[in-house]
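Engineer: Okay, here's what each chain looks like letter by letter:
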Amino acid sequence: MRPSASRGAVDAHSAGLPEAWLSPGRRSGILPPFRTVVNAATNMTSVAGKGEALREYIIEHVMYRTTHIDQWNIPFRHLAFLDVFRSDTVMLWTAVAVLLGLALLARRRMGDVPAGMANLVESLVAFVRDHIAVPSLGPADGRRMASLFCSFFFFIATVNLLGLIPIFSTATGNVNVTAGLATITFGFMVVGAMVRHGPIGFIRGLIPRDAPLLVKPLLLPIELISLLSKTFALTIRLFANMMAGHIVIFSLLGLVVIVGWYALPVVALVVALFFFEIFVCLFQAYIFTLLSAVFIGQTYHPQH
Amino acid sequence: MASEIALASIGAGLVTLGAAVGLGMVAAAAVGGIARQPESAPKVQVTMLIAAAFIEGLALFGMVICFLQV
Numbered sequence: 000m001r002p003s004a005s006r007g008a009v010d011a012h013s014a015g016l017p018e019a020w021l022s023p024g025r026r027s028g029i030l031p032p033f034r035t036v037v038n039a040a041t042n043m044t045s046v047a048g049k050g051e052a053l054r055e056y057i058i059e060h061v062m063y064r065t066t067h068i069d070q071w072n073i074p075f076r077h078l079a080f081l082d083v084f085r086s087d088t089v090m091l092w093t094a095v096a097v098l099l100g101l102a103l104l105a106r107r108r109m110g111d112v113p114a115g116m117a118n119l120v121e122s123l124v125a126f127v128r129d130h131i132a133v134p135s136l137g138p139a140d141g142r143r144m145a146s147l148f149c150s151f152f153f154f155i156a157t158v159n160l161l162g163l164i165p166i167f168s169t170a171t172g173n174v175n176v177t178a179g180l181a182t183i184t185f186g187f188m189v190v191g192a193m194v195r196h197g198p199i200g201f202i203r204g205l206i207p208r209d210a211p212l213l214v215k216p217l218l219l220p221i222e223l224i225s226l227l228s229k230t231f232a233l234t235i236r237l238f239a240n241m242m243a244g245h246i247v248i249f250s251l252l253g254l255v256v257i258v259g260w261y262a263l264p265v266v267a268l269v270v271a272l273f274f275f276e277i278f279v280c281l282f283q284a285y286i287f288t289l290l291s292a293v294f295i296g297q298t299y300h301p302q303h
Numbered sequence: 000m001a002s003e004i005a006l007a008s009i010g011a012g013l014v015t016l017g018a019a020v021g022l023g024m025v026a027a028a029a030v031g032g033i034a035r036q037p038e039s040a041p042k043v044q045v046t047m048l049i050a051a052a053f054i055e056g057l058a059l060f061g062m063v064i065c066f067l068q069v
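Protein chains in written order, with numbering that gives the first Met the number 0: chain V, 0 to 303; chain F, 0 to 69.
Everything labelled a hint here was simulated from the structure, so no lab data went into it. Ideal placement from N, C-alpha and C gives every residue a C-beta, glycine not left out. Be aware that a few hints might be false.
[Unchecked claim] Listed next, with one range per pair, are the computed distances between beta-carbon atoms:
#, chain 1, residue 1, chain 2, residue 2, range
1, V, Ile221, F, Ala1, 37 to 45 Å
2, F, Ala1, V, Gly186, 43 to 51 Å
3, V, Met109, F, Leu16, 47 to 55 Å
4, F, Pro41, V, Gly100, 32 to 40 Å
5, V, Pro198, F, Ala1, 47 to 55 Å
6, V, Leu104, F, Leu13, 29 to 37 Å
7, V, Ala210, F, Gln44, 30 to 38 Å
8, F, Pro37, V, Phe274, 24 to 32 Å
9, F, Phe60, V, Phe275, 15 to 23 Å
10, V, Leu104, F, Leu16, 44 to 52 Å
[Said to hold, decoys possible] Quick look at which bits of chain F chain V covers, simulated, 3 or more residues with Cβ under 8 Å:
#, region
11, 48–56
12, 59–65
Make the full structure from the sequences, and use the hints.
Structural biologist: Structure below.
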């Protein structure tokens with residue numbers, strides 16, 4: 000991504016966006032609060048200029064969020080301690096804390112007959128075990144590795160859902176976080192299969208047994224690349240889904256800034272999209288877990 | 000430049016078009032399969048979700064590439 004100054008931004012320079020925000024070195028600098036951007040966009044005369052300002056703002060918001068000062072906070076007031084939740088690292092630890100609290104809460108109610116929260120957690124755990132882990136890994140391995148997939152599911156779902164709360168950052172909308180999660184899957188796909196079958200057995204398991212002899216050397220690099228691309232696809236799928244939701248919501252709200260109060264009904268659409276995002280959050284956690292289980296199952300039990 | 004942004008937007012639209020066709024075919028086949036054999040619904044649904052996730056992943060690759068241009 001190039002700085003907008005070299006792009007020849009439409010009338011952003013002339014119409015009141017702070018110079019520091021548009022200079023090439025602004026990534027390291029302090030960015031203006033959102034209302035400054037909105038004021039600047041509102042003061043601009045052309046629709047193209049307003050769009051330019053908003054587009055810059057959205058890209059900053061979803062990609063360089065930790066450099067922002069004074070914008071993700073409660074309205075009309077700045078509580079400094081809320082700023083830490085802009086960091087994805089803090090959000091990951093928050094998710095860990097939430098999950099630990101949930102686990103303790105569920106554990107307390109887990110008697111012979113589970114009650115309250117324990118019911119919900121138990122049904123989710125049973126769902127992950129019986130519908131994700133066991134079908135793709137077989138009964139023995141599936142039951143043993145259910146804890147891994149439960150961790151994936153609960154962690155990703157919690158991080159995604161926490162990211163929907165306005166003050167919090169969406170940690171899974173950061174490609175580094177999803178790459179880390181996919182690397183865990185990659186480790187199980189490669190190292191786990193090597194531990195089970197040995198390095199030679201792992202390589203042999205990659206190549207279909209009934210392939211013609213001449214094709215087999217060709218298949219090996221293809222299958223190795225396929226291992227990497229599966230991991231890469233896991234990374235991008237989660238990251239892009241989470242980021243795209245934020246971009247869409249922000250773009251629709253940006254219509255109000257660009258067009259004015261005629262566009263106010265779009266807020267209803269945004270509310271509807273927000274509920275759709277709740278579904279997407281849970282669904283992406285499910286898909287990530289399911290695909291991890293399928294991929295790990297493919298290298299654990301080749302030829303079936 | 001504005002033309003690059005316009006081209007990226009057109010690319011995002013094309014990506015969505017392709018993914019929509021693919022997802023439509025997956026969904027149509029799954030609906031047809033479930034209608035013919037309702038008892039196979041759980042298996043069909045899981046397979047459909049996996050296929051849909053792959054198609055969606057391709058669409059998101061395209062979206063990320065278009066987004067890098069913007």
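Engineer: If a hint holds in the structure, say so; if it does not, say that too.
Structural biologist: Going down the list of hints, with the structure as the test:
The beta-carbon spacing between Ile221 (chain V) and Ala1 (chain F), approximately 41 Å, falls within the hinted interval of 37 to 45 Å. Taking the beta carbon of each, Ala1 (chain F) and Gly186 (chain V) are about 45 Å apart, inside 43 to 51 Å as hinted. Remark: the range hint 47 to 55 Å for Met109 (chain V) to Leu16 (chain F) is upheld by a beta-carbon distance near 50 Å. As the Cβ distance of Pro41 (chain F) to Gly100 (chain V) is approximately 33 Å, the hint placing it in 32 to 40 Å holds.
Checked against the given bound of 47 to 55 Å, the beta carbons of Pro198 (chain V) and Ala1 (chain F), roughly 54 Å apart, stay inside it. The hint said 29 to 37 Å for the Cβ distance between Leu104 (chain V) and Leu13 (chain F), and at roughly 48 Å that hint is violated. Checked against the hint of 30 to 38 Å, the C-beta distance between Ala210 (chain V) and Gln44 (chain F) comes to roughly 31 Å, which is consistent with it. Taking 24 to 32 Å as the suggested C-beta distance range, the pair Pro37 (chain F) and Phe274 (chain V) conforms, at roughly 29 Å.
Taken as a hint, the range 15 to 23 Å holds for the pair Phe60 (chain F) and Phe275 (chain V), whose Cβ atoms sit roughly 22 Å apart. Checking the proposed 44 to 52 Å range against Leu104 (chain V) and Leu16 (chain F) shows it holds: the Cβ atoms sit about 47 Å from each other. Given a C-beta distance limit of less than 8 Å, the hint that chain V covers the region 48–56 of chain F holds, as 6 residues qualify and 3 suffice. Under a criterion of three residues with beta carbons nearer than 8 Å to beta carbons of chain V, the stated coverage of the region 59–65 of chain F is upheld, 4 such residues being counted.
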